[in-house]
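> Reading the sequence shown from the start, the letters are residues 1 to 708 in full-length UniProt numbering.
For the record, the hints were derived by calculation from the structure and aren't laboratory data. Fair warning: there could be bad hints in the mix.
Simulated DEER-style distance windows between Cβ atoms [to be verified]:
#1 E625 - E569: 24 to 32 Å
#2 P654 - G485: 39 to 47 Å
#3 V551 - N460: 15 to 23 Å
Below, simulated BS3-like cross-link-like pairs (lysine-lysine); rule was C-alpha separation at most 25 Å, straight line [stated by the list, open to error]:
#4 K546 - K609
#5 K589 - K517
#6 K589 - K609
#7 K441 - K494
#8 K614 - K517
#9 K508 - K609
#10 K609 - K465
#11 K398 - K486
#12 K705 - K465
#13 K508 - K562
#14 K614 - K546
#15 K486 - K441
#16 K589 - K562
#17 K508 - K589
#18 K436 - K465
#19 K589 - K546
#20 K508 - K614
#21 K705 - K609
#22 K508 - K546
#23 K562 - K609
#24 K398 - K465
#25 K465 - K494
#26 K436 - K517
#27 K441 - K465
#28 K614 - K562
#29 K546 - K562
Backbone N, C-alpha and C fix where the C-beta goes; we use that ideal spot for every residue, glycine too.
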Amino acid sequence: MADRSSGASGAAGRAPVADRPDMVRNVVLVGHSGAGKTTLVESLLAATGTVQRPGRVEDGTTVSDFDEVEVRQQRSVNLTVAPLVHNGVKVNLLDTPGYADFVGDLRAGLRAADAALFVVPATDGVDGLTKMLWEECAAVGMPRAVVISKIDHQRADFDEALTACQEAFGEGVAPLFLPVVADGRVRGLIGLLTQRFYDYATGARTENAPGEYQGQIDQYRGDLIEGIIQESEDETLMDRYLAGEEIGIDVLLSDLEKAVARGGFHPVLTTGTGVGTAEILQLVTQGFPSPLEHPMPEITTIDGKPVADISCDPDGPLVAEVVKTTSDPYVGRISLVRIFSGTLRPDATVHVSGHGLADHGHEDHDVDERVGALSCPLGKHQRPVPAAVAGDIVAVAKLARAETGDTLSDKDHPLLMTAWSMPDPLLPVAIQARSKADEDKLGQALGRLVAEDPTLRLENNPETKQLVLWCMGEAHADVLLDRLGKRHGVTVEKIELRVPLRETLGGKCQVVGRNVKQTGGHGQYAVCHLEIEPLPSGSGFEFVDKIVGGVVPRQFIPSVEKGVRTQMERGVLAGYPMVDIRVTLHDGKAHSVDSSDMAFQIAGALALKEAAAKVPVLLLEPVDEVSVLVADDYVGAVMSDLSSRRGRVLGTEPVGTGRTLVRAEVPQLEVSRYAIDLRSMSHGTGTFRRAFLRYEPLPSHLVEKVTA
1 MADRSSGASG AAGRAPVADR PDMVRNVVLV GHSGAGKTTL VESLLAATGT VQRPGRVEDG
61 TTVSDFDEVE VRQQRSVNLT VAPLVHNGVK VNLLDTPGYA DFVGDLRAGL RAADAALFVV
121 PATDGVDGLT KMLWEECAAV GMPRAVVISK IDHQRADFDE ALTACQEAFG EGVAPLFLPV
181 VADGRVRGLI GLLTQRFYDY ATGARTENAP GEYQGQIDQY RGDLIEGIIQ ESEDETLMDR
241 YLAGEEIGID VLLSDLEKAV ARGGFHPVLT TGTGVGTAEI LQLVTQGFPS PLEHPMPEIT
301 TIDGKPVADI SCDPDGPLVA EVVKTTSDPY VGRISLVRIF SGTLRPDATV HVSGHGLADH
361 GHEDHDVDER VGALSCPLGK HQRPVPAAVA GDIVAVAKLA RAETGDTLSD KDHPLLMTAW
421 SMPDPLLPVA IQARSKADED KLGQALGRLV AEDPTLRLEN NPETKQLVLW CMGEAHADVL
481 LDRLGKRHGV TVEKIELRVP LRETLGGKCQ VVGRNVKQTG GHGQYAVCHL EIEPLPSGSG
541 FEFVDKIVGG VVPRQFIPSV EKGVRTQMER GVLAGYPMVD IRVTLHDGKA HSVDSSDMAF
601 QIAGALALKE AAAKVPVLLL EPVDEVSVLV ADDYVGAVMS DLSSRRGRVL GTEPVGTGRT
661 LVRAEVPQLE VSRYAIDLRS MSHGTGTFRR AFLRYEPLPS HLVEKVTA
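All chains, please: the whole structure from these sequences, using the hints.
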């Protein structure tokens, strides 16, 4: 694999086309922002001739073209795909965003890929988010390799970066090459298996590596061979190696490729300016598995019956998934689609099945749609392709109803793929249109954003009368508002988020609701004597009828209750609904002519207002049950922070290795920005969930602020 000779091949300006799944590799690039993922993609595209170097524009596609688009997309943090061809194999490179706010796009890239390249800069090491994603890939057995980037940076330290990767990622992480650095420049790479030196300055491949590196070679080479042998299917290989037998390079390379494809061994490669691209391309095409080896996601019929006989077969039934949706005001909607089975062709009619995210505000649907043109996207260019076979990734135009996460299948045999795991958006941002013109366009624009982004949840809160975007973080919110303005021409403003409070009475009282009006004609006459008392939290509302002797006619007793309920919804102090009270009607008066349903409704409402004047009215705030999953190093800081938010820490429990779950009860008023604060506190490694628990009295020092 990595030590064999290689040659780049590509067709600049022409769309890469694969006609067999075994000739496709889908590779996702993972790493934090600034790790060098996009730079690596550009280098691989240039190395294969997919694009030309800047200044060479014979085919109209250059690295600078690709870079200009990628920089813009990086700022808007989108998942992007860059297809290339190497030695007859089509490689779809999925460049993912490096910010925690856009983990939804990142997980979409993981879903569409069959293997992952983790890009770690030689200057910074491994961050918490990258380590978490490594663990996610390990849980599903996805093959992984590590690329140590920026090896030619003045602060680069290969040994330190390698140690950081091995500590963060665990066993099976070993280098295939050792960089040779002189005068701040990378001269070339030493293949640890063959011990050959690849001189990038001259293009020569010599048998003898520089002598000063022999100690490192011996150390790293021994660890590499032992790691390969441990993953070998030949159980005698280890005994032969320990007995001193020299294991052949071809045997080691063959076992290495198998171990990488199974996800049991994780080679480390190196890249810098003009260095390492050939070795990475060899790893991707020879070591990473094809879609034929990727486990098929769970597939069911529309009514939920499992379907087990689907495989990555171009002649099988069509099963594909929309992994990314973008909307352009001029081009329309473009869907990035991974085909898992069958063959997708332009102008075909497919069935679009819903995605199981109804709780996020994304409605499920089942509808037939006609596919538009198919293309391979690259930078500014959409290059048409005649068809896309199982295992490939393609851009599809004119799917007006399909959203990210939807399943495409044969219209006569509709199927549904299980949705991938998606984090909950936990940062609420209240917005309002700046003008009437913006308000008229806002609904349609938000609908397009929701279709593109499964991590966005849209809420029209009926209590606070606010439009709330639930986002992954502050950067996510800023990008969404920027898209509303620039892409859809809608200007919105952030406004202060209101938390839906409740009111209740702080004591028991006797009140009279008196509605007596004589105006010379048909008047109003209703008197009701009520006893009103608070109930335990969560009890709701009780109405008790203790009328005897007909002092209040039977037909007007429901009117009193209706009037009380209406006033409870309006509130009596700050306009919040009233809860947890018992109202007992025990006396009253009526008039044979002037009493009416409306008169007793008003009397009931007046009685509740009278009660609010006699006894204190308490404001109740919603309290959430919060579960925070964080690295052990940050448990103390998290618990202290929760306590400072008026939270009650209930306990902690270990989860896996090095992580702890902290459970607490925290008022909603204190956690509206917790998604931002936790990320800062835990260096991007903490996650949390929240669920409504109950209402509790708001502290007195906050009541005045809220009522104002």
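> What are the numbers of the hints the structure violates, in ascending order?
3, 24, 26
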